[in-house]
Amino acid sequence: MQWAVADITTNKINLWPFYVVPKLRTWSSGHSQVVILGDAAHAIPPSAGQGINQAFEDVFTYALILGRSAKESLSLQRALKIWQEGRQERVDKVLALNAQIDKRRMQRSRLIWNGVQPGFCGNGGRLAFKDGGVILNHFA
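When we follow UniProt numbering, the leftmost residue of the sequence shown carries the number 1, and every step to the right adds one.
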């Protein structure tokens, strides 16, 4: 693998931050007429390749909880609350995995994003290392 990337010059390297959507209080409207799933409810950075998998899990478990609520005379609001709590627990585990991968991908302790918080593309999105190393362009 090393030989495959050995001749890549630093001006050809792109680094960009990933964003995590803040946890939402609820994934359904007040009367449970609208429910959001997948990235609308919990966007997951692509580091672990889990975004579409979590959307599939949302749909599958959503169908299960709807069937359960009908069979057990469980209110839709209560069923959705149970569903979201279970899904959020799973999503949190995937986000923790992503955080571990991102630490290896962009060692935050070494990065300065032009003096602003990572994620804001100030000064053309150039990235500098604290140790005085290479400045990489965010946009190639």
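It cannot be assumed that every hint is accurate.
Straight-line distance between alpha carbons at most 30 Å, and here's what the computed BS3-like set of lysine-lysine pairs gives [what the hints assert, rightly or not]: (1) K103 to K93; (2) K12 to K71; (3) K12 to K23; (4) K12 to K81; (5) K81 to K71; (6) K23 to K93; (7) K23 to K81.
Just so you know, the hints here were simulated from the structure itself, not pulled from any lab data.
Do the hints match the structure? See the list:
1. K103 to K93: holds (16 Å)
2. K12 to K71: Not OK: K12 and K71 at ~58 Å, beyond 30 Å, violated.
3. K12 to K23: Violated, because 35 Å separates the two Cα atoms, which is more than 30 Å.
4. K12 to K81: This hinted pair is violated, its Cα atoms lying about 47 Å apart.
5. K81 to K71: holds (17 Å)
6. K23 to K93: holds (13 Å)
7. K23 to K81: holds (14 Å)
The structure fails to meet hints 2, 3 and 4 from the earlier list, while all remaining hints are met.
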